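Participant: If you read the sequences in order, they're chains U and W. Per this note's numbering, residue 3 is the first one in the first sequence, and the count goes up by one each step. Per this note's numbering, residue 15 is the first one in the second sequence, and the count goes up by one each step.
Hints should not be assumed to be uniformly reliable.
As the list claims (entries may be wrong) - Derived lysine-lysine pairs resembling DSS-like cross-links, with alpha carbons at most 27 Å apart:
id, chain 1, residue 1, chain 2, residue 2
1, U, Lys8, U, Lys235
2, U, Lys162, W, Lys82
3, U, Lys162, W, Lys127
4, U, Lys235, U, Lys37
Stated by the list, open to error - Chain W regions said to be covered by chain U (calculated; three or more residues, Cβ under 8 Å):
id, segment
5, 58-68
6, 77-91
7, 98-105
8, 114-126
9, 138-151
To be clear, the hints were calculated from the coordinates, so they are not data collected in a lab. The structure presented is a predicted model; accordingly, all values stated were derived computationally and were not measured. Each residue gets a CB set at the ideal place from its N, CA and C atoms; glycine is no exception.
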Amino acid sequence: MSFKDKTAIVGIGETDYVKGSGRSEVDMMLEASRKAIADAGMKPSDIDGIIPPPGYTYSEELAANLGVEDLRYAATINMGGASPNAAIQHAAIAIASGVCNSVLITLGWNGYTAMRPKPGQPPGRSAGIAVLNNAIQGFYLPYGVSAPVQMYSWLAMRHKQMYNTPDEATGHIAVACRKHAHLNESAFMRGREMTMDDYLASRWVSEPMRLFDCCLETDGAAAVVITRADIAKDTPNKPVYIMGAAEGHPYPADDIATRPDPFRIGLSFATPKALEIADIKIHDVDFLQIYDCFTYVVMLQMEAMGLCERGETYDFVKDGNIELGGHYPLNTHGGLLSQAHVWGLNHTTEAVRQLRGTAGASQVKDAELGLVTGWGDLGDGSIVILRN
Amino acid sequence: MTNALPGTSPEKLVFPDQSPDTTYQDFLRNNQFCIQHCNECQNFLFYPRLCCPHCSSVDLEWREASGKGTVYAVSIVRQRPEKGGDHNVVLVDLDEGPRLMSRVDGIPNEDVKIGMKVKASISVNTDEDGDTRMVVFREA
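Could you build the full structure based on these sequences and the hints that come with them?
Facilitator: So, in structure tokens, the structure goes:
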């Protein structure tokens, strides 16, 4: 049994993306959720499935606040930043198999405020990344490694030295996202120019990662509503159908150091499966929404998905190929690098706008087929293929 | 029971009486860098585990590592001096097979290169929680 085309995203909602929300995570998630449910032309009581993020809240709390009286599907996905995107596959499976009709997926956090606690302020709720605690606390922290940028830097350095990857390869990714942010009124870096020279001159964080290789830290929430294809036909906006989806995990998933081939990431496993379900080729897609916590992580995903051969990202991203007007526009909203960081759920909302034809200045002409990825927990990956 | 998974016959399905992380630290406190060897598939493994990631056996035995290794990847973490300054972080392939995170001491960060031969030593960190020990490397 395949879930291909049996479900569709029919509602999207977002809060403002800010630095210093002054709000709780649940508060922001409820705002995004109410907007998404209204956008779907539904009442909260039409929702009967909820997939919350792994942390900050839980299904029952959201259900009680929204008025979801008959919650028939409540699951939590633990894949770090890949969780919201992976949740789309879970929603599609649950709906296609008849467990429930309409699923709400949401993510909200204080990605800026929580990193900068003020004295005397009570701590906010935390995210759940228990799967990583053993390796990180026991065997990474003693060497001064605590932040994701440090954990992914070895991959990046190994890649650079094995394949002579030029700095401009990741530079083009950063610059493309920034250019797209200028077209997006809700992008945090809108209007702040960044050239390739600016990129190359930015300071080291953890070599070979520079400041402009790293995503933003912002506060905010996003939400999407997924429903059965026959219900979707009667909703106000053009349905965006879920053609295929899959998740994948590197081995061993709980320790980045000991993987025999560090470039064999979750998406290496997930991509063939998702393409098989959707019955398309990777180069058929009209745009790319790729999880961009770091430019180098985008590069690893492009290569793992087969958009280009390993070590050949530079040739794929140069000459405007990943900018609007090129063959594969990347992160047309600005991405986590230049719009905002809500664990990539903003990649999904942007993909929906593109496929509805409502992306405004960032609209990809005649967009019919879109790709969204997630990355988290040291390389877990998820991929969703959408069509209109 | 000829088709049983390795190391899962009842007489061999014996889990250790303390966490393998604790055993690892106990060895370090005794100035020994020990890693686990799987008696079923004959692979070495790291970090310490209850089951072999290659074959799922629990028949794991602690053996002293040679300490010899090769730098597989390196990064320089940039920090302000008041936060400890710049330091390198490496992944090292041990001659026994496993790859682990560590750092290379004794030379400038910029001189740590992929492919460099290194040798392990045990470093002692003292803070308010007492002594903790960790494996670091020097150029061989």
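Participant: Does the segment 58-68 of chain W contain three or more residues whose Cβ lies closer than 8 Å to a Cβ of chain U?
Facilitator: holds (count 4)
Participant: Is Lys8 (chain U) within 27 Å of Lys235 (chain U), Cα to Cα?
Facilitator: Holds: Lys8 (chain U) and Lys235 (chain U) sit about 11 Å apart, inside 27 Å.
Participant: Count the residues of the segment 114-126 of chain W with a beta-carbon closer than 8 Å to any beta-carbon of chain U: does the count reach three?
Facilitator: Since 4 is at least three, the answer is holds.
Participant: Does the structure keep Lys162 (chain U) and Lys127 (chain W) at a Cα separation of 27 Å or less?
Facilitator: Answer holds: Lys162 (chain U) to Lys127 (chain W) is near 12 Å, not above 27 Å.
Participant: Between the segment 98-105 of chain W and chain U, see if three or more residues pass the 8 Å beta-carbon test, and mark the coverage as holds or violated.
Facilitator: Result for this restraint: holds, n = 5.
Participant: Can the segment 77-91 of chain W be counted as covered by chain U under the rule of three residues or more with Cβ-Cβ separation shorter than 8 Å?
Facilitator: holds (count 6)
Participant: Is it true that the CA of Lys162 (chain U) sits at most 27 Å from the CA of Lys82 (chain W)?
Facilitator: Answer holds: Lys162 (chain U) to Lys82 (chain W) is near 25 Å, not above 27 Å.
Participant: Tell me if chain U covers the segment 138-151 of chain W under the three-residue, 8 Å CB rule, please?
Facilitator: holds (count 3)
Participant: Lys235 (chain U) and Lys37 (chain U): Cα distance at most 27 Å?
Facilitator: holds (19 Å)
Hint compliance for this structure: every hint is met.
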